[in-house]
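Given the sequences, and given the hints that come with them, work out the whole structure.
There are 4 protein chains.
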Amino acid sequence: MIFRTDLALEKQEALEDASPRGVLHAVKDENGVRVTTICIRNEKGEQALGKPKGTYVTLETPTPLSDKMLLSSLRRALSAELCKLLPQSGAVLVAGLGNESITPDALGPRAAKHLFATRHINGEIARVSGFDNLRPVAALAPGVLGQTGIETAEILESVVRGISPAAVIVIDALSSRRLSRLGTTVQLTDTGLSPGSGVGNKRAEISLRTLGVPVIAIGVPTVVDGATLIADWLDSYGIDPRMEPQFSRESFMMVTPKEVDLLIDRAAFVVAMGINCALQPTLSEQELLELVK
Amino acid sequence: MIFRTDLALEKQEALEDASPRGVLHAVKDENGVRVTTICIRNEKGEQALGKPKGTYVTLETPTPLSDKMLLSSLRRALSAELCKLLPQSGAVLVAGLGNESITPDALGPRAAKHLFATRHINGEIARVSGFDNLRPVAALAPGVLGQTGIETAEILESVVRGISPAAVIVIDALSSRRLSRLGTTVQLTDTGLSPGSGVGNKRAEISLRTLGVPVIAIGVPTVVDGATLIADWLDSYGIDPRMEPQFSRESFMMVTPKEVDLLIDRAAFVVAMGINCALQPTLSEQELLELVK
Amino acid sequence: MIFRTDLALEKQEALEDASPRGVLHAVKDENGVRVTTICIRNEKGEQALGKPKGTYVTLETPTPLSDKMLLSSLRRALSAELCKLLPQSGAVLVAGLGNESITPDALGPRAAKHLFATRHINGEIARVSGFDNLRPVAALAPGVLGQTGIETAEILESVVRGISPAAVIVIDALSSRRLSRLGTTVQLTDTGLSPGSGVGNKRAEISLRTLGVPVIAIGVPTVVDGATLIADWLDSYGIDPRMEPQFSRESFMMVTPKEVDLLIDRAAFVVAMGINCALQPTLSEQELLELVK
Amino acid sequence: MIFRTDLALEKQEALEDASPRGVLHAVKDENGVRVTTICIRNEKGEQALGKPKGTYVTLETPTPLSDKMLLSSLRRALSAELCKLLPQSGAVLVAGLGNESITPDALGPRAAKHLFATRHINGEIARVSGFDNLRPVAALAPGVLGQTGIETAEILESVVRGISPAAVIVIDALSSRRLSRLGTTVQLTDTGLSPGSGVGNKRAEISLRTLGVPVIAIGVPTVVDGATLIADWLDSYGIDPRMEPQFSRESFMMVTPKEVDLLIDRAAFVVAMGINCALQPTLSEQELLELVK
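Residue numbers (this note's numbering), protein chains in the order written: chain A, 1 to 293; chain B, 1001 to 1293; chain C, 2001 to 2293; chain D, 3001 to 3293.
One or more of the hints may lead you astray.
Unchecked claim - EDC-like, lysine to aspartate or glutamate: derived pairs with alpha carbons at most 16 Å apart: (1) LYS3113(D) with GLU2100(C); (2) LYS2293(C) with GLU290(A); (3) LYS1053(B) with GLU1043(B); (4) LYS2293(C) with GLU43(A); (5) LYS68(A) with GLU2287(C); (6) LYS3293(D) with GLU1290(B); (7) LYS293(A) with ASP265(A); (8) LYS3068(D) with GLU3205(D); (9) LYS3293(D) with GLU1205(B); (10) LYS3053(D) with GLU3043(D); (11) LYS3113(D) with ASP3225(D); (12) LYS44(A) with ASP17(A); (13) LYS2113(C) with GLU2124(C); (14) LYS293(A) with ASP2265(C); (15) LYS1293(B) with ASP3261(D); (16) LYS3293(D) with GLU1013(B); (17) LYS293(A) with ASP2067(C); (18) LYS53(A) with ASP190(A); (19) LYS3293(D) with ASP3265(D); (20) LYS2068(C) with GLU287(A); (21) LYS1053(B) with ASP1261(B); (22) LYS1068(B) with GLU3287(D); (23) LYS1293(B) with GLU3043(D); (24) LYS113(A) with ASP17(A); (25) LYS68(A) with GLU2290(C); (26) LYS2293(C) with ASP67(A); (27) LYS1293(B) with ASP3067(D); (28) LYS1044(B) with ASP1017(B); (29) LYS3068(D) with ASP3240(D); (30) LYS293(A) with GLU2290(C); (31) LYS2053(C) with ASP2265(C); (32) LYS53(A) with GLU43(A); (33) LYS2053(C) with GLU2043(C); (34) LYS3068(D) with GLU1205(B).
Note that these hints are calculated values from the structure, not bench results. Nothing here was measured: the structure is a model prediction, and the numbers come from that model.
Structure follows, in structure tokens:
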């Protein structure tokens, strides 16, 4: 049994070899936010971390997102890191994935409500409203397979073919190994979404390979696998749950803290604002706040 | 000034010539529901009614939808009329149009939540769950231009190209000339959506011509144009508001009754269930109710 | 037939005699907000306006509440006028009346969500949190008779007896004669609530007489009576609808604009913040915004 | 360190002595629902279970509440057990406690929305509507201290003094020791609410002693204390977490499963319908369903 997490950072932390081959690793602290960049450079790195080749940036804050200064630092760090991963110009399609009616999976759809869609603001309207230097942004909340009957990947492929963006950003709720990371950590990656990851276990890959344009995935952990939680504690006492017959993975649920509503609302807003700021450098944070609130 | 309505029936009622050329008209009553079928057959008919060529079926109930029997009759009539307009087999894409956060425009998105999406239920899953004779249905709530930056028509074109359905059904809130029709009347048409109709004044055409497959539009009036309301009363006293300088169309709003929340919820549920029943003839109404509630 | 309104200002405007006996009337403009104070001083005034003796302050803004500056002016004017009507010290019970699930009647319950309740912040907690000079405020959303089986007046009487506040503020949605006033006008009065007023036609009186402490009612019109709307237009053409057999009051609904959701949200927030500012003069507007948002 | 639970049944299960003095214990199975009745008869029993003297009835279903038959069995069992604890006639006040905006604490307010309030249906209205044999029921969702500034106990005391019911029922979310009990177990007790129990840790006692009338508390566990979860596993390996310095209770959260929204909705509906059926024996389950849905 291996613990379950969608964070590259937690996979790295779990390795016995702190510097495996094929993996680069850098850490910096910025206004209270820890920024860890992990680059998986080749197949050796892929095997070591069990994740596809690419860059994974993790933003961590020490405490739940109740501190206004910290929220602001996190938003800025997210915006800065996103700019590095995105092409510098061209239209961007942002998709908030997940099921709006299951709170821990609702990060994507809730973030989508705070995105500033601009693709339709052009020509006369742009001139009159003073919005004449906007980067074109389209925003979608495509729903989940059980509601739509269509794989999310399939909807995105169709829309990408229709509107030809320069890049796609997908927002999704993740699972973490630690309760303390829920709602306090953000992961950005240029590898898109892997099959089977995320809270709702979305099935199909969403990436440069499948969409034909760069795909940046932004995720926030909102659940912990119950089996992982217990196994970690047993492990710290030298007990290997894989050897224990009464420890059956199936008997566990994904758990989330009691305060999940607040945690999702805050994280969705930070992620949406981080994206808005990265995509519209000609507008101030204050202007964007008023446009999407 | 001409009064505003999205209902072919109200345009017909307003004509001085009760049987204009190029327009066929039939009425029947079924379990308390009046079913009026208007066929616009040629350009003469199009000019007379100001609507594109095609079939418009209007279902009217005498009172607000609080009577359970009547709700049930309406659902059945809707289902029966829809079957006549739809191709007999093949996948169907159903799209609930409108803005979920403006109640009178939320008919489409709310109906989408009660649709039974089945396109992904096949192979092993279908056999195991006993759902092995379902018609493939995909369901979407694509949002509105101001939220997404993409014309609804554009999203539907992309998805239609991606999943190749045999037909498309769009659900949308409409405007009516009379307060008494709000939430009590349903219009079905095989002409799809015309530019500029609907509560949110959706702009681009959605039809066989633009999507390449038959498009059935199902609408329920949820607003009345304030200017139309007043003009109708003035007209009944022989006053022509067009001649009156103080009567400026711009000074009016679209209005909706105080009970709009209940009205939209009931209408969305009836429309969704009417569609579910028409698309899944192998399931009983009771089975479908439990699947989508 | 008399038109229907809950605003003293509209009753005054409708009088043929602009200065009836027993009624004082003053108007001023403050940063774009028109403040009209009407004092009904005796029975003569009560007969003229059909309202109980007392002070009615109406705050009007020229346009819907989309302008940030105007929202801010309205909040301040509301706060200033409320201070004049309230006792200067002592605990205050604020009650948001109405039915949360009928949007035009939801002003009170939604405002209650943005109130800063402070009655429980005292002793050690107050010292530690730095909140040591707060006026005690209790906040309730008691629901409506159909949901609770208890008259709102009865609940308030019980709670007033239990917690002995120095004054009560009730927030309620009102009806207006004009569509243009919906969501743009606020009425404050020291007469409390009259039987039969309000969107949900609350039945029992809530006032100094029934509660034993001063009752300030703050209301925002959110609906117009359809019959009033039509009758006003007919009247402007010299037609008296009372003489017309086809004009039956019963055939009309209360109507509200299509944008009712936005209108209620904005008005609820302005009213709540106006109350918060009036009750906590030791906190800045910015501090209060962050506490209740 | 003692594990945390609000269920008498779990306290009993944890005892080394299966039949402590002062505690009676009976189990029966009814249509798939296990009904355990624990009577704490005296101080000895109070010390053994750490709960006040009285009757605790626990209804357990083997699986999450997705099975329609089981939901129905649970509803009936709840109704039958509630009838045994309630006085046979007289008005009843039902209060849904908790914070509506924190999902795991929202059981009470959500159940309150499905209660059939009848206290106001009398005289002419009752005769006309055919409801002439109803037991008077009042229903409240009083909110939480942080929102209202008033202790829930204080609001209930005031309202009880005002309307003089024969009994009070309070509905509240509880904590359990086991994830598998969340949303699948219901506890009824005639001891009311103890200080400090419940998901939101409501502080003041609500009981016959404080309200002066019998108080039945109905609770459903919706959270598990994280520390309890881990400690239980460690304990099963002979590790006593109380001896472990790294095991600090404070570092844990209350957790809830990912599906908390669905779980709360279902449990709230079952509890409300169980109460409705117990209080209105002259109406059928079907009639009540249509009245409150």
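Checked hints:
Our distance criterion of 16 Å between C-alpha atoms is met by LYS3113(D) and GLU2100(C), whose separation comes to about 11 Å. Restraint check for LYS2293(C) and GLU290(A): the C-alpha separation of about 14 Å stays at or below 16 Å, so the hint holds. This hinted pair checks out: LYS1053(B) and GLU1043(B) have alpha carbons roughly 7 Å apart, not beyond 16 Å. Restraint check for LYS2293(C) and GLU43(A): the C-alpha separation of about 49 Å exceeds 16 Å, so the hint is violated.
Between LYS68(A) and GLU2287(C), the direct Cα distance comes to roughly 12 Å. Compliance with the 16 Å bound is thereby established for this hinted pair. At roughly 14 Å between alpha-carbon atoms, LYS3293(D) and GLU1290(B) fall within 16 Å of each other, so this suggested pair holds. This hinted pair checks out: LYS293(A) and ASP265(A) have alpha carbons roughly 12 Å apart, not beyond 16 Å. With a CA separation close to 36 Å, the supplied pair LYS3068(D) and GLU3205(D) exceeds the 16 Å bound.
As the CA atoms of LYS3293(D) and GLU1205(B) are separated by approximately 38 Å, the hinted pair breaks the 16 Å bound. Simply put, LYS3053(D) and GLU3043(D) have alpha-carbon atoms about 7 Å apart, close enough for the 16 Å limit, and the pair holds. Taking the CA atoms of LYS3113(D) and ASP3225(D), the gap is near 28 Å; set against the 16 Å cutoff, the hint is violated. The straight-line distance between the Cα atoms of LYS44(A) and ASP17(A) is roughly 13 Å, inside the 16 Å bound, and the hint therefore holds.
Between LYS2113(C) and GLU2124(C), the direct Cα distance comes to roughly 26 Å. Violation of the 16 Å bound is thereby established for this hinted pair. Between LYS293(A) and ASP2265(C), the direct Cα distance comes to roughly 12 Å. Compliance with the 16 Å bound is thereby established for this hinted pair. As the CA atoms of LYS1293(B) and ASP3261(D) are separated by approximately 15 Å, the hinted pair is consistent with the 16 Å bound. The suggested pairing of LYS3293(D) with GLU1013(B) is violated, with an alpha-carbon distance near 38 Å, which exceeds 16 Å.
Annotation: proposed proximity of LYS293(A) to ASP2067(C) holds, straight-line Cα distance about 14 Å (limit 16 Å). At roughly 9 Å between alpha-carbon atoms, LYS53(A) and ASP190(A) fall within 16 Å of each other, so this suggested pair holds. The suggested pairing of LYS3293(D) with ASP3265(D) holds, with an alpha-carbon distance near 12 Å, which does not exceed 16 Å. Restraint check: the Cα-Cα separation between LYS2068(C) and GLU287(A) comes to about 12 Å, which is no more than 16 Å; the hinted pair holds.
This hinted pair does not check out: LYS1053(B) and ASP1261(B) have alpha carbons roughly 34 Å apart, beyond 16 Å. Distance check on the hinted pair: LYS1068(B) and GLU3287(D) sit about 12 Å apart at the alpha-carbon level, within 16 Å; holds. As the CA atoms of LYS1293(B) and GLU3043(D) are separated by approximately 49 Å, the hinted pair breaks the 16 Å bound. For a cut-off of 16 Å, the pair hint linking LYS113(A) to ASP17(A) is broken: about 42 Å separates their Cα positions.
Proposed proximity of LYS68(A) and GLU2290(C) is supported: the alpha carbons are some 10 Å apart, at most 16 Å. Annotation: proposed proximity of LYS2293(C) to ASP67(A) holds, straight-line Cα distance about 14 Å (limit 16 Å). Between LYS1293(B) and ASP3067(D) the CA atoms are separated by roughly 14 Å; this keeps the pair inside 16 Å, and the hint holds. Taking the CA atoms of LYS1044(B) and ASP1017(B), the gap is about 13 Å. The hint holds against a cut of 16 Å.
The suggested pairing of LYS3068(D) with ASP3240(D) is violated, with an alpha-carbon distance near 42 Å, which exceeds 16 Å. The straight-line distance between the Cα atoms of LYS293(A) and GLU2290(C) is roughly 14 Å, inside the 16 Å bound, and the hint therefore holds. At most 16 Å may separate the alpha-carbon atoms for a hinted pair to count; LYS2053(C) and ASP2265(C) exceed this at roughly 31 Å. Proposed proximity of LYS53(A) and GLU43(A) is supported: the alpha carbons are some 7 Å apart, at most 16 Å.
Between LYS2053(C) and GLU2043(C), the direct Cα distance comes to roughly 7 Å. Compliance with the 16 Å bound is thereby established for this hinted pair. As the CA atoms of LYS3068(D) and GLU1205(B) are separated by approximately 44 Å, the hinted pair breaks the 16 Å bound.
Of the hints listed earlier, those the structure fails to meet are numbers 4, 8, 9, 11, 13, 16, 21, 23, 24, 29, 31, 34, in rising order.
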